[in-house]
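Q: Keeping their order, the protein sequence lines are chains V and W. Adding 3 to a residue's 1-based position in the first sequence gives its number in the working numbering. Adding 17 to a residue's 1-based position in the second sequence gives its number in the working numbering.
Covered stretches of chain V (chain W as the covering partner; in silico rule of three or more C-beta atoms under 8 Å from a C-beta of chain W): (1) 40-46; (2) 64-70.
A few chain W residues that don't get close to chain V, going by computed Cβ distances all over 12 Å: (3) L36; (4) A101; (5) Q104; (6) Y106.
Hints in this document: simulated from the structure, not taken from any laboratory. Just so it is clear, CB atoms sit at the ideal spot from N, CA and C, and this is done for glycine as well.
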Amino acid sequence: MTPVGALALPWFDRNLLRAVEKIVPADDRAEWSRTWRAELWHMHHRARRAKNLGITIDLSIGLICDALWLRTDRWGRALHGTPTLCLGSIAGLCLLATLFELALNGSWRAFEHSSRGQFERSLFAAVLVIFVSFATASRGHIDQGSTSKGICGLKRQMFFAAKSALVLLLAFLLSTDICRPIHALFPNTADALQLLMFVPFALLGLRWAFGDQERRCKQCLRSLAGPARVGRPSHNLLEWNGTELACKQGHGLLSVPEMETSWCDSSRWVELNPAWE
Amino acid sequence: MNMARLSHSAALILKALSLGYCFGLDVMEATGLPSGTVYPALRRLERDELVESKWEPEEEATAKQRPARRYYEVTREGKAAALAATQRYPLLAHLVPEKRS
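The whole structure should be built from the sequences, with the hints applied where relevant.
A: So this is what it looks like as structure tokens:
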């Protein structure tokens, strides 16, 4: 057995390890700590590096980066495809667009003053855009079987409403950001241009929101993964031909037909038996 | 594994590992890359299954009165990726010296 004293680390390393290991996810902590104790020990016991402060600092940075990587990778895997990440990302873009707008205006008051009229006009246009989007959107997202009722259905509708509202807000902020530089010189032209830009941005945004909603699990609302081609294009009118996407949590499959046929005109959500999970 | 996503530093680290530098410190020394690049890159390579990590046998380390270290080995996919990276970055082979046994 190796004597404990022989494997001891200097005070700085011990405390650094103790502080940084709190960043590491709990189930990786023991292995991370063991790895870095060994790395630091070997660094100190290499004769030619014994008094090299540079490598100590460099390795300390590596230790922190390694811990941060483990934490962000865990967060990344946990949040990947979740509705929280989707809403957070759009909200983050809205925040960035607002900050840009504030920087262009100089103050919140000036921003509020210059955007009030544009906001009211955009709000009116948004009603029309929503109407057009719903009228022209694929009906596929509505064919969801039994999951369209109850708490799942309510949660899905709330998520869609929040996503659409954020997308419209982002469309408004982007259109005002683009038109702001010419607003001081040509206020009327800038206002008209802002409205003209808001409409396509909002239409595209809502189109994306519908598509994104369709390609999410109807139970957990995570993005569906693993698209697989099923069938052959030449058999389109005879048998199933399209793409299948699966929920990583095993809740179900989404079958998206390659083209609309009389017997299969929309995407179908097939719930998997919970006993298979 | 998507080869297009292998960065230059990841390719350099993979090359060092395939030349026999199997510990993090050795890879740092051989490549000249900072530890803040090497250790997270090793994690990514392991996640992408291009390398796998193992622990030295405890008895071996105890006999030498030192803690056991985690070492990295290039997988079959990793070897293919290292070869492709060498073809893509021809100077890579000259950047990392051959490890003396």
